[in-house]
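Colleague: Chain residues, written in single-letter form:
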Amino acid sequence: MNSFQPGCYKVEDKARKIGIYVHIPFCLRKCSYCDFYSLGSFENGLLEQYVKALIKEIEEIELKEDAIFPTVYIGGGTPSLLSGSQMELLLKTLNRKFNLRKDTEITVEANPATLPESRISHFYNAGVNRFSLGVQSFDNFELEVLGRTHTVKEVFETVDALHRSGIKNFNLDIIYGIPDQTVKKWENNIKKAIECNPSHISMYLLQLDESTPLAKRITEGKFTLPDEEMVSDFYYIGTEYLENSGFEHYELSNFCRPGFVCRHNMIYWHAEEYIGLGAGAVSYLEGRRFVNIASVYEYIRRLEKGLKPLQEELEFMNTSEMLAADAIILGLRLCRGINLLEFKMRFGIDIEKKYKTIIEKYEKEKLLEIKNGYIYLTKKGYFISNDILCRFIV
Amino acid sequence: MQERIRNFSIIAHIDHGKSTLADRLLEFTGAITDREMREQFLDKMDLEREKGITIKLQPVRLNYKAKDGKEYILNLIDTPGHVDFSYEVSRSLAACEGALLVVDASQGIEAQTLANVYMAMDLDLTIVGVLNKIDLPGARIEEVKEEMENVIGLDKDEIYPISAKLGIGIEEVLEAIVKYIPAPKGSSAEPLKALIFDSYFDPYKGAISYIRVVTGEVRKGDVIRMMSTGKEFEVTEIGVLNPYMTEVSSLQAGEVGYLAASIKNVSDTKVGDTITRADNPADKPLPGYKVVKPMVYCGLYPLENSDFERLRDALDKLKLNDASLFYEPESSDALGFGFRCGFLGLLHMEIIKERLEREYDLSLLATAPSVVYRVVLTDGSVAEVQNPKHWPMPQKIDRILEPFVKASIMVPSEYVGAVMELCQEKRGKYINMEYLSQQRILLTYKLPLAEILYDFFDLLKSRTRGYASLDYEISEYEESDLVKLDILLNGEVVDALSFIVHRDNAYYRARAIVQKLRKIIPRQLYEVVIQAAIGSKVIARETVKPLRKDVLAKCYGGDITRKKKLLEKQKEGKKRMKQIGHVEVPKDAFMTVLNIENE
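Protein chains in written order, with the numbering used here: chain V, 1 to 394; chain A, 1001 to 1599.
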């Protein structure tokens, strides 16, 4: 156990950018593929206590120096379970503490089943300017396999509501590699997602932690996952559809209309700092990644008592070599890649020199390229990127 | 003095409780205190404790005051039980006048029980029967006693029922040793003849020999001569093990102990050699041992090429303790520089490899084991081939001989059919079937040693639910129709994967091995074609499809650490691979030729 004092973030660099992540670990029901921390049964009273505790955690933070907090991301769990007034309180508190600027990107993750039009406008009025909808599929059978609480019809209703409310900046999450999925079904999902006219689409391969119920059902032989060749085809088919429809592929699994990258997520991939608030939220500050202990009850209990949340250190990178490896592994997820000059200024490491043999090997395979001062994976390299990324681990 | 010495071994089938009985004897005679006691006291290697087996023999001296009121010196030499180490058993037996034959009361006589009994009988030892594990619910005391009487010829009334685990019957065994095992005979007045039955290297004292003085006497300061080489040394220390090294002033005829003489080179203290005194030499040496020849060979290669010298060092050191280990440098196109090593058997091979990895911190790759073939060439000369790489060109081969063993298989009668079938499958030739009792049968077959190495033992166990036991001795070479099977990866022969197989089994094994390799070679950036070929004729083929998916779909703030750990694991995995041409092959692949049929 590490004794981090969340109130003592040292902020040295005036231009230091820090993202803010807020975790809402409540769901109507846990999805069959999900391994994030979240309570699968939702109670209004507990949520209310939790929000109060969150407010306390935020208020207790002592900012010693100036920093810029360009993004807020409220994820989960299912943050759309928050009521309009809870959201208002949360954002007000954040605003007061962090002095959020007008152009701050404020995203909320939402389940289509829990985002009625009234809540959209409430959230919007509270300051939310970006929604991320966990759509996952446009096929009711697939939604059932995934254990989602919503239907395809609800997806369309929610999307319509977003449009009616004038929300242009919203993301749809969709999943491929679902049991029994065919190319045809997948193409249909992709097309439907594009028809919804979002500003952003995250397209994820279904990757199951063995602890999840769906993984168990697959081990028991109740479902079969599409094979390696097939999911690779899905990926490149999806990529092609999205690019042909004017989406820019900017991260392994992320696509956006020009100008609509998720600025918060960019902070992760640029290996920049972030503060995580709430039970189970991870922070990354000064080379340390640490997590608030993932227990809603314990979290509430401590904050009610006026204590800081319990935290645990996940990793501490104290050499520029470790920091650099971290930045490479994350940075190569971006299609643009890593700016070599910036990287050298930041870590004092010349990627081309230090990783010469690795780079040459993968350049020869046409999986990695260096051009115009950037190092990046080729399209062919995206879907087998681990083979490349693991070579950069210290 | 001499009439109060008893030199004895404990012999048994593996797991029948030799080492536990030794522990109890040590305790009962007060050689070790309770505080010092740990299980398998005489097994010094960690590996021996972990595997619950004895590898090296180990003498110990016990002082016992018998019921006749006299003090006796009992020299116990613990022996290994596994068939690979029967050579070590014969060495300890040669230093004794008697042996305790331990039989598990629930298992009865097994194959190695008999093999050890025959060995003891050859050396004219007195055998005292001990029935162990009588506390087990499945103990068949009377039945097994009868078996011992009928098969071995012991008087069933002179078999001692004990439980080594619970310490029951230990005193009776000690009394029996005193009563039945004869005292040694040689005279201390005659010239010195001492048998070296084991030796090891001590960094401070030089080579230490365990000796049994047969005639004469040896003292500190004596100049001794090794009778096989004529080399002379001055004795710097003699002593006994009780169980710790304790110096004594002299060792007399009949005694067992150790001797150090600043011998730098363990090869100067050859096991089986006779030590005599330079000033009053014996005229002829003791019979000694036949030189043991390795029966199984394999290549051992460091995973990191730069570890070659460290591997050589480690082998040099192990050899000091293990005269039966053979090695010479060899090179492989696929694996670089390594050593061709010869072993007594598969267990021996496994143990040496594990000791090298553990005690010398090496990461090793072992090629499939091979027996020694005799290839008669068309010009009439004979080539001994223990590495498939050196297999002569087919057109130069006149005929091929392979080593056979005489296998004794002890089996409950209901499994006889299954075992006979297995022996047929493995190219066995029936020799004999003998009823030891109504339920137990001793089958004798002639089998190719290569088949025994391959998977015979595992199959024997699985087809008899573990009830059959096996012992074997090398018999002779016989002609066989053998071919060399090459394995190719992307068209290139991987020399370290080649093996020799009977022509009738070639297709089957070729298919099995390429299928197995397809499963264990991970997908790579390129397609990998795996082929098996006899000469230029490909007889089996599989492909490993190129890697298509190896990606972390999501990587956000909350799970970066976890995702990095996955990549770290992947990187570690790559370290366990050997790069052969463009193909990354897991190091276990080289042993797959061995155990494809077990799946």
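Among these hints, one or two may not hold up.
Footprint (simulated), chain A over chain V, 3 or more residues, beta carbon under 8 Å [stated by the list, open to error]:
1. 221–232
2. 277–284
3. 328–342
4. 384–391
Between beta-carbon pairs, the in silico distance windows are [to be verified]:
5. V:358 - A:1313: 28 to 34 Å
6. A:1520 - V:298: 40 to 46 Å
7. V:211 - A:1414: 43 to 49 Å
8. V:321 - A:1200: 42 to 48 Å
9. V:258 - A:1519: 24 to 30 Å
No wet-lab data here; the hints were simulated from the structure. Here the structure is a predicted model, which is why all the values come from computation and not from measurement. Glycine included, each C-beta is placed from N, C-alpha and C at the ideal position.
Colleague: Between residue 211 (chain V) and residue 1414 (chain A), does the beta-carbon spacing fit 43 to 49 Å?
Modeller: 46 Å, holds
Colleague: Is the listed coverage of the segment 277–284 of chain V by chain A valid when you require three or more residues with a beta carbon under 8 Å from a beta carbon of that chain?
Modeller: holds (count 4)
Colleague: With a C-beta cutoff of 8 Å, work out whether three or more residues of the segment 221–232 of chain V approach chain A closely enough for the coverage to hold.
Modeller: holds (count 4)
Colleague: At a Cβ distance under 8 Å, does chain A reach at least three residues of the segment 328–342 of chain V?
Modeller: holds (count 3)
Colleague: Between residue 1520 (chain A) and residue 298 (chain V), does the C-beta distance stay in 40 to 46 Å?
Modeller: Distance hint for residue 1520 (chain A), residue 298 (chain V) holds at roughly 45 Å.
Colleague: Using a Cβ cutoff of 8 Å, are there at least 3 residues of the segment 384–391 of chain V near chain A, or does the coverage claim fail?
Modeller: holds (count 7)
Colleague: Taking the CB of residue 358 (chain V) and the CB of residue 1313 (chain A), does the distance hold inside 28 to 34 Å?
Modeller: Because 33 Å falls inside the window, the suggested range holds.
Colleague: Honestly, do residue 321 (chain V) and residue 1200 (chain A) meet the 42 to 48 Å range at C-beta?
Modeller: 46 Å, holds
Colleague: Does the Cβ pair residue 258 (chain V), residue 1519 (chain A) satisfy 24 to 30 Å?
Modeller: 47 Å, violated
In summary, the one numbered hint that this structure violates is 9.
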